[in-house]
Amino acid sequence: DVKVTQSSRYLVKRTGEKVFLECVQDMDHENMFWYRQDPGLGLRLIYFSYDVKMKEKGDIPEGYSVSREKKERFSLILESASTNQTSMYLCASGPAGGGDTQYFGPGTRLTVL
Amino acid sequence: DAKTTQPPSMDCAEGRAANLPCNHSTISGNEYVYWYRQIHSQGPQYIIHGLKNNETNEMASLIITEDRKSSTLILPHATLRDTAVYYCIVTSYNTDKLIFGTGTRLQVFP
Numbered sequence: 002d003v004k005v006t007q008s009s010r011y012l013v014k015r016t017g018e019k020v021f022l023e024c025v026q027d028m029d030h031e032n033m034f035w036y037r038q039d040p041g042l043g044l045r046l047i048y049f050s051y052d053v054k055m056k057e058k059g060d061i062p063e064g065y066s067v068s069r070e071k072k073e074r075f076s077l078i079l080e081s082a083s084t085n086q087t088s089m090y091l092c093a094s095g096p097a098g099g100g101d102t103q104y105f106g107p108g109t110r111l112t113v114l
Numbered sequence: 102d103a104k105t106t107q108p109p110s111m112d113c114a115e116g117r118a119a120n121l122p123c124n125h126s127t128i129s130g131n132e133y134v135y136w137y138r139q140i141h142s143q144g145p146q147y148i149i150h151g152l153k154n155n156e157t158n159e160m161a162s163l164i165i166t167e168d169r170k171s172s173t174l175i176l177p178h179a180t181l182r183d184t185a186v187y188y189c190i191v192t193s194y195n196t197d198k199l200i201f202g203t204g205t206r207l208q209v210f211p
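Protein sequences appear in the order of chains E and U.
Position 69, counted from 1, in the first sequence is what the working numbering calls 70; the numbers after and before it change by one each time, with no gaps.
Position 92, counted from 1, in the second sequence is what the working numbering calls 193; the numbers after and before it change by one each time, with no gaps.
These are calculated hints, taken from the structure and not from any lab test.
Certain hints may be false.
Dumping the calculated PhoX-like pairs for lysine-lysine here, alpha-carbon to alpha-carbon at most 20 Å [said to hold, decoys possible]:
1. Lys-153/U - Lys-170/U
2. Lys-153/U - Lys-104/U
3. Lys-198/U - Lys-56/E
4. Lys-58/E - Lys-71/E
5. Lys-170/U - Lys-104/U
6. Lys-198/U - Lys-58/E
Whole structure, please, built from the sequences with the hints as guidance.
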């Protein structure tokens, strides 16, 4: 089975802090994604990556950056956390040429105070 | 991407078939229908997808109408663990940008 793990299930940070959310997948997938999920807004794509050191902006990249130094790891960075970034963050991976089949991690619920 | 319309909620008795409808009247010829579900406090889970033919796997069946303007996800014998939000997504193959709507909240009751 595909396994996508995220570094924390729950995280509490203060406004202005730099936050790193880590995601690791064990299926050698080329594609990796970061979403956030908010009530009433559904899942929204923040960034995605097709390969190591490659990144593409999703629909809501403002306030975020990403890093993909290794194929299995995709990090989401909040340079200076703000309260409006309180959300559930979901990482996903998928194979190249796999259509739109994505495998999701359990999510990190981030609270910014 | 074409938009989809799903009922906000449905109930189903345990052991019965759950039939979840989805309308996608503006779907274009190269767009697929994908279904995901999200159980409470978990990440979304891929269920099934199709283009024009009906599809079946170990989790569910997908019935797509001949004009492709609507589809139905069928869980043949619903269990309590099938209680979740089910998302119908229409997307061009390999866009890698899934757009999740608000889905259908399926409640399976004993």
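Consistency of the hints with the structure:
no.	hint	in the structure
1	Lys-153/U - Lys-170/U	holds, 10 Å
2	Lys-153/U - Lys-104/U	holds, 17 Å
3	Lys-198/U - Lys-56/E	holds, 13 Å
4	Lys-58/E - Lys-71/E	holds, 19 Å
5	Lys-170/U - Lys-104/U	holds, 11 Å
6	Lys-198/U - Lys-58/E	holds, 11 Å
Hint compliance for this structure: every hint is met.
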